[in-house]
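J.: Residue numbers (our numbering), protein chains in the order written: chain A, 1 to 670; chain B, 1 to 670.
Derived by calculation from the structure, the hints in this document are not laboratory data. In this text, a Cβ means the ideal position worked out from N, Cα and C, and glycines have one as well. Be aware that a few hints might be false.
Which chain A residues face chain B? A few, computed with CB under 10 Å, are given here [claimed, not checked]: (1) 219; (2) 220; (3) 242; (4) 361; (5) 365; (6) 515; (7) 579.
Protein chains: 2
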Amino acid sequence: MEMEESARKSTWDVNAKETNSAPPFEIAIVIDSREVENKRNELGGDPIRHLSTALSNAGLVVETDDGANHLVYVKIAAPLEVIGRAAEKLRLRKPTNVGLDVVFDWERRDAFSRQPLGDALFSWTERYQCLIAIVNTVTGTGNTSEPLVKKLQDAGVIKEVMPLHQEQQRKWLVEHWAMRWMDFTSQPLDAIYAYFGAKVAIYFAFLGMYTQWLIFPAVLGIILNLTDQGALEPAVPPVYAMIVVVWAVVFLQFWRRRNASLQNNWGMSYESEELQTIKALTKEQQGALLRGAADQEEVYGANVSDYEAKVLGREEWLTRIRTLKNNMIAVTCILCVQLPFELLYAHLNKFAPNDLIKYILTAVYILSIQYLTKVGGQVAIALTKSQQLVNKEAAANSMIYKVFGVYFLQSYIGLFYQAILHKDFSTLRSMLAQRLIVSQLMSNVVENLVPYATYRWAEYKARKAEDQIKRETGENAPDSHVSRMDKEFLTPKYEASIGSDFEDGLFDDFLELAVQFGMVTMFASAYPLVASFALLNNLVEIRSDALKLLVTMRRPAPRQAASIGAWLSIFQNLGVVAIVTNCALLVCLYDDAGRWKIEPGLAAILLLEHLLLLAKFGFSWFVAEEPAWLKARRIKKAYIQDHVSHRLLGILEESSQEEILQAVQNPALA
Amino acid sequence: MEMEESARKSTWDVNAKETNSAPPFEIAIVIDSREVENKRNELGGDPIRHLSTALSNAGLVVETDDGANHLVYVKIAAPLEVIGRAAEKLRLRKPTNVGLDVVFDWERRDAFSRQPLGDALFSWTERYQCLIAIVNTVTGTGNTSEPLVKKLQDAGVIKEVMPLHQEQQRKWLVEHWAMRWMDFTSQPLDAIYAYFGAKVAIYFAFLGMYTQWLIFPAVLGIILNLTDQGALEPAVPPVYAMIVVVWAVVFLQFWRRRNASLQNNWGMSYESEELQTIKALTKEQQGALLRGAADQEEVYGANVSDYEAKVLGREEWLTRIRTLKNNMIAVTCILCVQLPFELLYAHLNKFAPNDLIKYILTAVYILSIQYLTKVGGQVAIALTKSQQLVNKEAAANSMIYKVFGVYFLQSYIGLFYQAILHKDFSTLRSMLAQRLIVSQLMSNVVENLVPYATYRWAEYKARKAEDQIKRETGENAPDSHVSRMDKEFLTPKYEASIGSDFEDGLFDDFLELAVQFGMVTMFASAYPLVASFALLNNLVEIRSDALKLLVTMRRPAPRQAASIGAWLSIFQNLGVVAIVTNCALLVCLYDDAGRWKIEPGLAAILLLEHLLLLAKFGFSWFVAEEPAWLKARRIKKAYIQDHVSHRLLGILEESSQEEILQAVQNPALA
């Protein structure tokens, strides 16, 4: 135990010491030396040497490694002070020990709170942000002010800038996280946060908590399935469905609490929503927002709200209408193209005269669905781009909703077809079991195997090419082997299957979880065992996703994210949809016993009721609570507050805790 | 037009000038001079003179008026600087011209934004708050530090401290607001805000906007009622109901936007939620919250969250469970006592053999409902108090929900009884028309007549008593008449009918509106004319409520409120309930044509679905998104920020608008 603790300390305290003699190499610039030869004249001198000098001058520690296949790796490390100074220039906001978030100030670094694990001043996300900012701003030796890295990227000399795995920490994580199959749902979240950043850590926190909560419906489902309820038998599906729906609501609500407390533990600030928005804007937009308000005050005096309301109000409604239009296009595409296609397949599959035709049908279906999904993804990306969302996070969310819409139909339409049109509950059950056990478990294996095979293939090609080079140059060395840097470069990136414009590989992982959550909640009344299949799958998923990130993939660039974002709304809406689907399934389940029929008039009224409930939610979304000009004003306020916040530190040091306390306790006239 | 403008200026700019030679008298202390005689020895000297001296010493302008019936009125006015200094000591937060809210600082008063109307530095709410704080803290001439006013109140010498009407402004408002019947829904909201404070102004803003929006369903309802739709006849009720439900959702959403923009125009700050919470706490609780956090940091170092989570987490759940218990008691009382009672009355009334018995029944019902409502109000107050809500606003809201529950059943159960149990739609319609036209219009008259009659009676008594005194003292004066100050004292207070513990007279006005809104939305499918009755009533309501506040009532103490609070949730929930009730009404409406029947099994499933939807909303409420300890931490943060915020002013003056702009446009490394 003590040994383990000391191992943990030596692994995670690497970035803690302020005067670290040898900071670890955290990012690498991959250079193609053949291109260097080709463009030596054009670039004026040796770009590798130029780059190394420029980076060293910026205070970074630089080391150059020769790799296979004419590649050169420029590895970069940064002493703490260099990061600190960069953070100051970037105006990074950080929580202080007094509980206030202020802009970082290197001279007052002791006032800022440290990382939960390893006691470091900066998180990996912050270090990466600073490193990239420094790398992107160094200029060449000439009197040009053009950033050197951008120039070399444009010239094709730099192939990539990539974050590097840290061998010691990776080993610790593999040992204490990825291979700990017997830990079930518990995971070293602080270490995951320290190594991968908030977004990945929050995914695993969600996956762990969801799996833990699944135990309850899973065990209940197994008990209900194994025991004989006798006369109470007909009551089991509705009761179980009710329990699962309530369970889903309670689980998501508790997740939000857990999310809030993780956010707090990891020192992610609360009030920064406005600031994040302003930082996501382009420089022109930022200027327009803030200068706009200043101009107005000159022209309109104190009462600027009329002007702001007019200008921003129009823009606000145009954006809303553009979004509504795009969403309608997306929904129309899904309903008019995808829905008939999926129904056709389900129908033909059910009534195929023999198995051979069924197999052919399925093959055709799988091929065309691959193609259609790709087209759908392209359409979704195009639509999202045409919405002109200024905020990158909002664009990613809009994308997530659209793609999930496509997957929603694709995943569930076959199931509903069996249940509602044909009341074929045994086929429905076997399809559910098959999807959850075979598909999801399989995909866990594939997720790891495909990248591994890709890597082996790339490695093989690289070795082949290297041997070829050696033969050409006449060297008579033995079979070359691939260096560690080469390995890192050859492992595949952690990317989303729909394209890397908005999201990284977490998109696919969340999509899988959401589809599964839908099956657990929406079909609870039809098949109580679904939850136990999901539980089984997720126990494997936790470790296989961990292995994927640690071993088979390149280290992803860290992303700061306070929550699971759009996915939370998707999970919550699946909970609401589950209420309706379970009721519909119950009607179908009992209907074949001939106990009742739905008259058309009553059905119309019920439909009306559900449409109205939908309209209520829709309108609440369409009409934002707060006018855009007010929001802009709030953003401006937050920005001004931020602009002066670092000066508050001195003030806070002057006034002691006692003084603040006294002021609180005597708020009335003294 | 120009004359009107100058009249407006001279009326509302009274508090604008900084060196106002004669500030208006805004509050009065009512003293019973008989008690003064009785307790002269006990109090040591003449308390009236003591009080006047003490108030003058505090910088206030004091004038004493003799009234009828041994009353003495000490009228108080305050020069601007006295208010300003008091605001500084009270640490009032005010918006500045740069758009930041900071604690008021008299020396830097020019940096703060001014009132929208009259250009004054302080709003009436702020002035009142400062005046009351000064009055409550002045001490006697002796070496005691006991507040003089409290001592005199305890001794029975001071009967009341009341805000005074401002004759000029009141006259302006009567002319330009209360008597402008032809303005329909438009009102001088800024003037209402300046004279009555935010809470009253927001009520009238809501009433005006609601009335304006009512025009659409009212006109549509009249058209549908007057024209003949021929074959489309059966489609009218569902379509109209759908339109009204959607209308309600859209209206409330737009109201929230309007509310936000009014809030901004009136300079009410946004971020102050946490601050309001902390200010509502007792001194002990404030100390515990802030000192607690400080202690924890000593003991637990950086990671205090575990400790906080444990301590505050327990308290949080206990509060929730206490609230849940109380709500369940309230719901049980309503369902087990009120519901059977109301149903019994409706039933007996329907099947009464003759009219005489009906009248007797109704008389008994009205008498007992008066008594039951009073008991219910007492129970609600007791329950709310037992919840130990630290926040006064939260207690008022909790009270509002409970009392509305009682009124909900009382107002609607008879209507549902006719519609659902007896499918008697003609009685339902006549009951709706009767309630909206007779009851609500009548109540508008009564609302004004009762206080007026009360006032006349009090005036008559006072004059009688005065004559008696004169006869006793042997004066031979003519019939005394009542002075202006006497009149103000004799007019009734603006109080809630359920008791003044949590709310003032706005409670009754909002309750009336909510009951009406429920009738408009919930019974839309049964009777399209309801909206037009409501419109008619509200056009009268706006002016009669204005008259009540300006003429027949004492000026209410101003209250700062950012929104219509709990009433908004009630209106929104009525919108959701309306979806269900309209569907139920439609089923009943068509059912008597014998077109369909609901089988018990299907009914059970539908019930289940609605229960689940309810459970979903219920659980979202029960499990708060954010743990209590996190909220406490956020509050602490906000408080610290507030504590140092006034020092930001100097900093903001140093850094010009240009400098801020530049900083925005170059956020990257320079």
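J.: All hints are to be evaluated individually against the structure, with a verdict given for each.
T.: Results for each hint:
The criterion of a C-beta within 10 Å of any C-beta in chain B is not met by residue 219/A, whose closest approach is roughly 21 Å, and the hint is violated. At about 17 Å, the closest approach between the beta carbon of residue 220/A and any beta carbon in chain B exceeds 10 Å, and the interface hint on this residue is violated. A least Cβ separation of about 6 Å between residue 242/A and chain B falls short of the 10 Å threshold, and the interface hint therefore holds. About 35 Å separates the beta-carbon of residue 361/A from the nearest beta-carbon of chain B, more than 10 Å, and the hint is not met.
Among the interface hints, the one on residue 365/A is violated; its C-beta lies about 33 Å from the nearest C-beta in chain B, farther than the 10 Å criterion. The closest approach between the C-beta of residue 515/A and any C-beta of chain B is roughly 21 Å, which is over the 10 Å cut-off, so the hint fails. Interface restraint check for residue 579/A: the shortest CB-CB distance to chain B comes to about 5 Å, inside 10 Å, so the restraint holds.
Violated hints for the displayed structure, listed by number in ascending order: 1, 2, 4, 5, 6.
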